[in-house]
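Undergrad: Chain order of the listed sequences is A and B.
If you count the first sequence from 1, position 59 lands on 58 in numbering that gives the first Met the number 0, and the numbers rise without skipping.
If you count the second sequence from 1, position 242 lands on 241 in numbering that gives the first Met the number 0, and the numbers rise without skipping.
Among the clues, some could well be false.
[Said to hold, decoys possible] Below, computed lysine to aspartate or glutamate pairings styled on EDC-like, alpha-carbon distance capped at 20 Å:
hint, chain 1, residue 1, chain 2, residue 2
1, B, Lys62, B, Glu193
2, A, Lys117, A, Asp193
3, B, Lys100, B, Glu193
4, A, Lys117, A, Glu188
5, B, Lys100, A, Glu188
6, B, Lys11, A, Glu188
7, A, Lys117, A, Glu180
8, A, Lys117, A, Asp184
9, B, Lys62, B, Asp267
10, B, Lys11, A, Glu75
11, A, Lys117, A, Glu203
12, B, Lys100, A, Asp185
13, B, Lys100, B, Asp267
14, A, Lys117, A, Asp185
15, B, Lys11, A, Asp27
[To be verified] Over the 12 Å line for every Cβ pair with chain B, so calculated as not near, a few chain A residues:
hint, residue
16, Ala49
17, Ile233
18, Ser237
[Said to hold, decoys possible] Computed footprint of chain B on chain A; a stretch qualifies when at least three of its residues, placed anywhere within it, have a C-beta under 8 Å from a C-beta of chain B:
hint, segment
19, 66-75
20, 140-149
21, 211-223
22, 255-263
Since the hints were derived computationally from the structure, they do not count as laboratory data.
Built from N, CA and C at the ideal position, the CB exists for glycine as well.
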Amino acid sequence: MAVTEVPGPVRPTSEALLAKPTGRGPRDNAQIIRWLILFAGGILMVMPIAYMISTSLKWPHEVYNVNLIPEEPTLENYTYVLEDGRFYGWFVNSLVIATLTTVSNLLFDSLVGYTLCKFRFPGRTLVFIAILSTLMIPTEMLVIPWYLMSQQFGWLDSYWGIMFPGLMTAFGVFLMKQFFESVPDDFIEAARIDGLNEFQIWWEVAMPLVRPALAALAIFVFLGNWTAFLWPLIVTNSVEMYTLPVGLSGFGDEADVAWELIMTGAAISTIPTLVVFLIFQRFIIRGVVMAGLKG
Amino acid sequence: MSFYRNLTIRQKRIAWAWTFLAVPVLFYGIIRFYPTGNAILISFQDWNLLGSRTWTGLDNYAKLWNDPVFWKVFVNTFQYLLIGTPLSLLLSFVIAYHLDKLRFAHSFLRMLYFLPFMTSAVAMAWVWRWFYQGVPIGLFNNMLAAMGIAQIEFLNSTTNALPAVLAPAIWAGLGFQIIIFMAGLRAIPTSYYEAARIDGVGWWTVLTEITLPLLRPTIVFIVVFSSIGFLRIFDHVFNMTTNNPGGPLNSTKPLVLMIYETAFTSFDMGYAAAQTVVLFTILLIVSLIQLRLLRSD
Chain A
0 MAVTEVPGPV RPTSEALLAK PTGRGPRDNA QIIRWLILFA GGILMVMPIA
50 YMISTSLKWP HEVYNVNLIP EEPTLENYTY VLEDGRFYGW FVNSLVIATL
100 TTVSNLLFDS LVGYTLCKFR FPGRTLVFIA ILSTLMIPTE MLVIPWYLMS
150 QQFGWLDSYW GIMFPGLMTA FGVFLMKQFF ESVPDDFIEA ARIDGLNEFQ
200 IWWEVAMPLV RPALAALAIF VFLGNWTAFL WPLIVTNSVE MYTLPVGLSG
250 FGDEADVAWE LIMTGAAIST IPTLVVFLIF QRFIIRGVVM AGLKG
Chain B
0 MSFYRNLTIR QKRIAWAWTF LAVPVLFYGI IRFYPTGNAI LISFQDWNLL
50 GSRTWTGLDN YAKLWNDPVF WKVFVNTFQY LLIGTPLSLL LSFVIAYHLD
100 KLRFAHSFLR MLYFLPFMTS AVAMAWVWRW FYQGVPIGLF NNMLAAMGIA
150 QIEFLNSTTN ALPAVLAPAI WAGLGFQIII FMAGLRAIPT SYYEAARIDG
200 VGWWTVLTEI TLPLLRPTIV FIVVFSSIGF LRIFDHVFNM TTNNPGGPLN
250 STKPLVLMIY ETAFTSFDMG YAAAQTVVLF TILLIVSLIQ LRLLRSD
């Protein structure tokens with residue numbers, strides 16, 4: 000059975016609404032030209048990614064050929080880079096760190112957002128304003144104190160050291176608070192009458208209702224931590240503890256590394272997120288819009 | 000437990016609220032507020048990480064004021080901001096505006112524009128760095144050579160390096176801005192356009208009288224979001240100029256790279272902290288000015 004797309008409600012474009020009902024004519028040509036220009040622009044946008052992948056599949060002698068399609072595609076570069084072992088380790092580090100940070104953000108940001116939204120208690124406004132105000136503090140200002148803290152507590156060069164600054168984010172708290180506004184208080188009252196405790200109400204009643212917001216937050220936090228560079232660069236010392244971006248940065252700088260190998264490393268740190276995007280495109284774009292507009 | 004049972008319902012709720020907030024409040028206190036104060040404190044001290052801390056008052060700030068590298072960096076940072084923000088705003092709006100009017104293969108086109116946003120800045124900085132190399136390595140110069148055009152020095156030139164570093168930063172953020180603009184365009188009620196059509200108003204009037212005014216919240220968000228990004232630019236610059244951080248004669252060095260080098264290459268912690276306070280102040284002022292300008296009337 001063919002998989003067909005269920006058409007959503009069709010919203011007429013502003014163009015269609017403004018068009019005079021003249022049937023076929025210059026408007027169609029204008030539409031075609033517009034489409035072609037936008038298509039060309041889109042191709043230009045993905046060119047750097049396409050060249051990265053194409054070069055990672057080329058033999059060294061072909062790297063300087065401007066053709067996008069490799070003459071004899073090879074996975075030799077990937078074998079070489081992965082057999083070296085370092086990239087594999089960096090990949091695992093990035094995956095573990097981005098996953099744990101995402102889980103922590105989903106739990107704590109929503110717990111705080113929920114509490115600030117659904118409880119009335121002394122100090123509520125103060126806590127909310129205090130957390131929001133941290134949005135104005137750039138991480139660059141905090142890295143020096145964070146480094147000193149890490150040094151004192153022995154967190155340098157550890158997963159914990161890389162993760163601790165990002166375990167909660169004010170942006171996430173704000174986003175979740177906005178979405179918990181849409182959970183009716185009646186639901187929560189009903190759950191209280193049913194004898195659930197406050198923790199159960201948050202986890203079993205409220206959380207399932209804000210799943211789309213959780214998905215949006217998860218995308219943002221994961222992507223942010225997967226690509227994070229400045230803090231991991233500062234807090235890690237040993238090659239084994241590097242994350243993918245830090246590892247790639249140093250790898251590119253090694254004197255004997257050729258461009259096709261750098262492109263392979265770049266592809267290894269980019270392709271996973273691209274694959275996830277291509278699979279969940281619709282949700283990710285919706286999530287980005289939600290997080291962007293609410294933020 | 001009997002203590003808990005004796006509380007009123009209201010008191011129980013308050014107890015729950017603070018139980019939920021206990022860990023996060025500690026987190027924000029220790030990981031956000033204490034370091035903020037600490038950074039300001041260190042900015043008044045002289046400290047190389049190993050020796051003792053000594054109070055120096057405003058010496059670090061005076062040193063910054065008299066440092067020609069700082070002023071170069073200051074100008075660079077504002078160049079990133081003043082070229083990057085308007086350019087990316089204009090490009091993303093024009094693309095979103097036209098993309099919104101297309102039906103055929105709409106989501107495919109949207110995907111093409113959005114893909115760069117999913118890449119890592121470090122990986123793409125290396126890709127672009129490769130593009131910018133001279134012949135026979137770099138892609139751009141190879142293409143120019145194939146067409147018989149003279150070579151261009153990208154990263155090794157004091158005039159071209161900054162735009163060359165800025166280009167991938169704009170490129171990477173464009174997809175996000177386009178998606179946000181398109182969501183904003185979708186949110187405009189169609190009845191406005193219908194009314195305009197009945198009145199027989201031209202597209203330019205529709206754009207300036209209906210679309211842009213109603214997009215104001217979206218524009219405010221994108222301007223603030225992207226200018227904070229350009230003021231904090233680091234990953235692209237650092238990775239495109241690792242052999243000579245900050246480009247030839249500091250021509251591409253932004254404030255964050257200067258902070259990084261002062262703190263973690265020269266270990267001049269007090270001086271670096273003073274720079275971070277300056278960055279904080281700039282970010283605050285720029286955001287406030289933009290919110291004021293764009294929210295008025």
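Undergrad: Now tell me, hint by hint, if it's right for this structure.
TA: Results for each hint:
no., hint, verdict
1, Lys62(B) x Glu193(B), "violated (62 Å)"
2, Lys117(A) x Asp193(A), "holds (18 Å)"
3, Lys100(B) x Glu193(B), "holds (15 Å)"
4, Lys117(A) x Glu188(A), "holds (11 Å)"
5, Lys100(B) x Glu188(A), "violated (46 Å)"
6, Lys11(B) x Glu188(A), "holds (15 Å)"
7, Lys117(A) x Glu180(A), "holds (8 Å)"
8, Lys117(A) x Asp184(A), "holds (8 Å)"
9, Lys62(B) x Asp267(B), "holds (12 Å)"
10, Lys11(B) x Glu75(A), "violated (64 Å)"
11, Lys117(A) x Glu203(A), "holds (15 Å)"
12, Lys100(B) x Asp185(A), "violated (42 Å)"
13, Lys100(B) x Asp267(B), "violated (54 Å)"
14, Lys117(A) x Asp185(A), "holds (11 Å)"
15, Lys11(B) x Asp27(A), "violated (66 Å)"
16, Ala49, "violated (10 Å)"
17, Ile233, "violated (6 Å)"
18, Ser237, "holds (16 Å)"
19, 66-75, "violated (count 0)"
20, 140-149, "holds (count 9)"
21, 211-223, "violated (count 1)"
22, 255-263, "holds (count 3)"
Checked against the numbered hints above, the structure breaks hints 1, 5, 10, 12, 13, 15, 16, 17, 19, 21 and satisfies the rest.
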